[in-house]
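Residue numbers (the numbering used here), protein chains in the order written: chain A, 1 to 218; chain B, 1 to 218.
Fair warning: there could be bad hints in the mix.
It does not matter which identical chain is meant; a pair holds if it fits inside one copy or across any two.
Each computed DSSO-like pair below joins lysine-lysine, with the alpha-carbon atoms no more than 30 Å apart [to be verified]:
hint, residue 1, residue 2
1, 178, 6
2, 29, 64
3, 118, 200
4, 206, 118
5, 6, 206
6, 178, 135
7, 30, 64
8, 64, 200
9, 182, 135
10, 118, 135
11, 135, 211
12, 211, 29
13, 29, 206
14, 64, 211
15, 135, 23
16, 211, 178
Hints were generated in silico from the structure; no laboratory data involved.
There are 2 protein chains.
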Amino acid sequence: MPTDTKTVTNAITDALNWRYAAKQFDPSKKISASDWQVLEEALRLTPSSFGMQPYKFVVVTDQKVKEELVAACWNQPQAAQCSHFVVFARNTDITVETVNQYVELIAKTRNVSVESLKPLHGMMSGFISGSTPEKLAEWAARQTYIALGNLMTVAATLNIDNCPMEGIVAADVDRILKLNEKGCSSVVACALGYRAADDKYAGLAKVRFSKDDLFINI
Amino acid sequence: MPTDTKTVTNAITDALNWRYAAKQFDPSKKISASDWQVLEEALRLTPSSFGMQPYKFVVVTDQKVKEELVAACWNQPQAAQCSHFVVFARNTDITVETVNQYVELIAKTRNVSVESLKPLHGMMSGFISGSTPEKLAEWAARQTYIALGNLMTVAATLNIDNCPMEGIVAADVDRILKLNEKGCSSVVACALGYRAADDKYAGLAKVRFSKDDLFINI
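Chain A extracted, bound-state conformation (with noise of 0.2 Å):
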């Protein structure tokens, strides 16, 4: 639990309103292995629906590999000059057998009896069960923009650029990183690293509506 919260937010509100989609990463900065843990293990930590983690994060760095992958997202160059370039992509197995899985580890983790998460078992398993295939691949792609979300904000914290996409073709991308061999598909993707000193798109204001157009408070 943070102990000093006023310089942190203060951090925070800072890091936002610093961050912005850059168009241009300068290709010979990269994430140190330290900053890179923090992101990792931020992405881990996020919360998804029921604590499922319906998702792979995809993470390149194999720079032929990222070459490749520009089109695929539709010639957009962060892709190769970034850093890391992360695809967010939904697990397309997901059956009973994975709610078994989850609740095993739970077990595991908290020292209980797999029979006493029989409830939650049930819960889960009564939603996956229930659900159609287009339902649950649409649960498990929502779930990676919370990641996506709170990997943007902690990046930002640590003054690593990103500049996320949703214009990549699923299909392509899928091939190129062959996921769906692995149990998955590609939703979004976010490149991370280091703004060009001339990416103009940098000095930018940023575009908001205000609070009242944003807001409806009740």
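Following the hints, position chain B against chain A.
For chain B alone, coordinates are given in the frame of chain A:
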């Protein structure tokens, strides 16, 4: 831009570990006006697709309305116990006119002509007019999850507990909050406030898959 990233980073990692989905809130503890301002600004600054912010944040603090919402939230008592109940609602009236308004906001914010933003306008209006209502609804819904992810992270750094809720009956929440006549529809919610001293879930170990299970490194 944060100056002491080390302190901030540690605080964020601690906060993400400290955070859990609160099952019981202490109804006597309210989020202070100054803390709420930080959360409001964090929500406002959330990144979104094209920066279009196709949503409203509906913030319910009226106790009577919060109590009315419980039944619409699968009887989760947190809706009434919490300090601030945030409903993330996607805009339902997304048309080319929405793009016009957004482009005008960009022009005003950045002091450039609407004319100079024609290529951007074309890209966005092409996306809007080329999407089915169902696709647009899902696109807008997904954006709210970025805001949800951002909000939970920032709240945790302020020692503010939260509980995300996908388990809401959207039609009922919309009716209670009269969202349809406000041009939006509920997607997901988040109760915010302070955990009750006797919430037995607070002490449970966090359950997450290992890095090996969650990450694919390429």
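Hint check against the structure, violated hint numbers in rising order: Hint 1 contradicted; others consistent.
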